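Asks: Please build the complete structure, drawing on both the sequences and the hints.
This is what each chain is made of:
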Amino acid sequence: MKYVIIGASAAGLACALQIRKEDKDGEITVLTKENYLPYSRPSISYYLKGVVKENNMYLRKPSFYAQNNINIVTGAEVKSIDREAKTVKAGRKVYPYDKLCLCTGSKPFVPPMKNVEGKSNALTFLDLDSSKAIKAKAGKSTRAVVIGAGLIGMKAAEGLSKICESVDVVELAPRVLPSILDEKSAKSVKKFLETEGHIRFHLGQTVTEAKSKGDRITSVILKNGKELACDLLILAVGVRPETALAEKAGIEVNRGIITDPGTMRTSDENIYAAGDCAVSVDMLDGSKRVIALWPNAVNQGTAAGSQMAGGCIAIEKSYSVNAIDFYGLRICTCGLINAQGDRYTDKIIREGESYKRLIFEGSRLVGYVLINSSANAGIYTSLIETKADISALRGNILDTPGPFMFDRAEREIRMKGALPL
Amino acid sequence: MKRIYAKEELCVNCRLCEVYCKTAHSLSKDVLTANKYEEPAPVSRVTVYGDKYISAALNCRHCDDPKCVKACITGAMTKDKATGIVYVNEDKCIGCMTCLAVCPYGCIKEGKTAVKCDLCRNEDEPACVKNCPNHALVYTDLGGENE
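Sequence lines, in order, name chains A and B. Residue numbers for the first sequence follow the numbering used here, beginning at 1 and rising by one. Residue numbers for the second sequence follow the numbering used here, beginning at 1001 and rising by one.
No lab work stands behind these hints, which were simulated from the structure alone. A few of these clues could be false.
As the list claims (entries may be wrong) - Dumping the calculated SDA-like pairs for lysine to any residue here, alpha-carbon to alpha-carbon at most 20 Å:
id, chain 1, residue 1, chain 2, residue 2
1, B, Lys-1002, A, Ile-413
2, A, Lys-107, A, Lys-132
3, B, Lys-1022, B, Asp-1118
4, B, Lys-1002, B, Lys-1112
5, B, Lys-1081, B, Glu-1123
6, A, Lys-61, B, Ala-1082
7, B, Lys-1052, A, Phe-406
8, A, Lys-24, B, Ala-1082
9, A, Lys-61, B, Lys-1081
10, A, Lys-61, B, Gly-1084
11, A, Lys-162, B, Lys-1112
12, B, Lys-1002, B, Tyr-1139
13, B, Lys-1081, A, Tyr-65
14, A, Lys-347, A, Glu-361
15, A, Lys-140, A, Val-51
16, B, Lys-1112, A, Glu-353
17, B, Lys-1081, A, Lys-132
18, B, Lys-1052, A, Lys-317
19, A, Lys-288, A, Ser-179
20, A, Lys-21, B, Asp-1065
21, A, Lys-53, B, Asp-1065
22, A, Lys-211, A, Glu-227
23, B, Lys-1007, A, Asp-407
24, A, Lys-21, B, Thr-1140
Treat the numbers as computed from the prediction; the structure is a model and nothing was measured.
Replies: Structure follows, in structure tokens:
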């Protein structure tokens, strides 16, 4: 069997590892357009702020791939897939496959802004090379402007704030981190970021145009007319699934690559897709969308790999779960945090800088936002994933969850901690 | 693989397991220093839950297919192929705590990096088990894969 995987981040690596578990002899080739062995994409902001060195960013040691007979080809950008001949083409080389998996991830989305495209100091922030480029351009006196206060934008802003004295963040939404924070929690987080990082926010704003000198942007102009001096512009408005290859090959795409939600197989029976390029079905509300988060990508890559090797691991449950920190402020989120409608209720406790919000649908927990109160968050996650009946639990659900919230029988199953006497 | 199991009928909520866990994972390896003076203060990997009527010491299950390993965004969390022990490479961990958000047992603690039980992997027997006064913690092999 010949397996080819396009993309070498969370989904691509998980796919390769799972194939190797189930097929000891198959030929596994992983093609990545980047010039690095698989590394931690989320670590690029930690690299930017200087707390992680490049050699600690690699997900596995180089020798691991040889030991497991996984051929990682770096600098190999796939230009086309020939579904008839079952080959992919990267540069001058042609790679034949029996089973192919697309783990192409996402690409930055840059909204149209006058006089920004092609400028030498306007950069996106999505991979190690972009982090290196930003680091090379950022100095103490650099006036940085970040467009986008989502996860990527805020991580860029945090990293830059450790280097530059002036960081402005422009965001279209009326709040920071709109994808993971509700309105109630975003206010206090914004205040924290302003205090800790000296970041200036311009919410409900967009950049309409840039002023430049030669190929360098010198300032940007906001919708409200305000002008921000700018030596370095980070474009972090958002990402879109990278589906160009799939579309060109005639594979079904609707925002992301459409797959069978269990097996991750695309509309071509020999081609699979996993990770940020693929559409998921959220188990909590049935919505079809891209869940661009690491654990989801690994689960999908694992399922795709198993299916490609003739195994039976399938995706059972997809939902979003995320943990991130800014200047030591920990934010954990899971499930339907911006759920709207009468079906949903919530409970909140707030104490100083900590905030806990649990979202319920009837007697089921369907989401949480935990700020500096993430102790044992995984127990909440498991209640969400298993659709547990909250009314059967003991004690106050807002307290730190623990084994004694379950009755004895449930505790033994859930916690596996007790030995029968 | 050998794992730690808690017998809640025998647990007297004395928390000596926590004391000895902190000591074993301290720089000084001294009970008094580790529990009162050392900076940064060592974090106990084992946690006693419950009250004086019923309690149990909860610890990492070293799962066959650990969610924390799958969720780790840096490759810092791994399951050792030979021993089955799930542990954190502190040089690689960035402390994002995604592992904590997915551990269904609540067995990962917050620190500068993720903090969790490593079954005292350089010792014959974990410190919590060795020092439990009432054999409420048992270190035994009830099956389960290493890998």
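Asks: Please go over all the hints and tell whether each is borne out by the structure.
Replies: Results for each hint:
1. With a CA separation close to 19 Å, the supplied pair Lys-1002 (chain B) and Ile-413 (chain A) stays within the 20 Å bound.
2. For the proposed pair Lys-107 (chain A) and Lys-132 (chain A), the alpha carbon gap of about 18 Å is at most 20 Å, so the pair holds.
3. The hinted pair formed by Lys-1022 (chain B) and Asp-1118 (chain B) meets the criterion: a straight-line CA distance of about 12 Å does not exceed 20 Å.
4. Straight-line distance between C-alpha atoms of Lys-1002 (chain B) and Lys-1112 (chain B) comes to about 28 Å, which puts the hinted pair past the 20 Å bound.
5. Distance check on the hinted pair: Lys-1081 (chain B) and Glu-1123 (chain B) sit about 18 Å apart at the alpha-carbon level, within 20 Å; holds.
6. Note on Lys-61 (chain A) and Ala-1082 (chain B): the hinted pairing holds, with a Cα-Cα distance of about 17 Å set against a maximum of 20 Å.
7. Proximity of Lys-1052 (chain B) to Phe-406 (chain A) is assessed by CA-CA distance (about 17 Å); at most 20 Å being required, the pair is judged to hold.
8. A C-alpha spacing of about 19 Å is found between Lys-24 (chain A) and Ala-1082 (chain B), which places the hinted pair at or below 20 Å, so the restraint holds.
9. A C-alpha spacing of about 15 Å is found between Lys-61 (chain A) and Lys-1081 (chain B), which places the hinted pair at or below 20 Å, so the restraint holds.
10. Restraint check: the Cα-Cα separation between Lys-61 (chain A) and Gly-1084 (chain B) comes to about 19 Å, which is no more than 20 Å; the hinted pair holds.
11. Proposed proximity of Lys-162 (chain A) and Lys-1112 (chain B) is supported: the alpha carbons are some 18 Å apart, at most 20 Å.
12. With a C-alpha separation of about 6 Å, the suggested pair Lys-1002 (chain B) and Tyr-1139 (chain B) falls inside the 20 Å cut-off, and the hint holds.
13. As the CA atoms of Lys-1081 (chain B) and Tyr-65 (chain A) are separated by approximately 15 Å, the hinted pair is consistent with the 20 Å bound.
14. The suggested pairing of Lys-347 (chain A) with Glu-361 (chain A) holds, with an alpha-carbon distance near 12 Å, which does not exceed 20 Å.
15. A threshold of 20 Å between alpha carbons decides the hint, and for Lys-140 (chain A) with Val-51 (chain A) the separation of about 17 Å falls inside it, so the pair holds.
16. Of the pairs offered as hints, the one joining Lys-1112 (chain B) and Glu-353 (chain A) holds, with about 18 Å between alpha carbons and a cut-off of 20 Å not exceeded.
17. For the hint pairing Lys-1081 (chain B) with Lys-132 (chain A), the CA-to-CA distance comes to about 34 Å; that exceeds 20 Å, so the pair is violated.
18. The hinted pair formed by Lys-1052 (chain B) and Lys-317 (chain A) fails the criterion: a straight-line CA distance of about 38 Å is larger than 20 Å.
19. With a C-alpha separation of about 16 Å, the suggested pairing of Lys-288 (chain A) with Ser-179 (chain A) holds against the 20 Å cut-off.
20. About 13 Å separates the Cα atoms of Lys-21 (chain A) and Asp-1065 (chain B), which keeps this hinted pair within 20 Å; it holds.
21. Distance restraint check for Lys-53 (chain A) and Asp-1065 (chain B): the Cα-Cα separation of roughly 29 Å exceeds the 20 Å cut-off, and the hinted pair is therefore not satisfied.
22. Proximity of Lys-211 (chain A) to Glu-227 (chain A) is assessed by CA-CA distance (about 9 Å); at most 20 Å being required, the pair is judged to hold.
23. Our distance criterion of 20 Å between C-alpha atoms is met by Lys-1007 (chain B) and Asp-407 (chain A), whose separation comes to about 15 Å.
24. Of the supplied pair hints, the one linking Lys-21 (chain A) and Thr-1140 (chain B) is violated, its CA atoms being roughly 27 Å apart against a limit of 20 Å.
When the structure is compared with the earlier hints, violations turn up for hints 4, 17, 18, 21, 24 and for no others.
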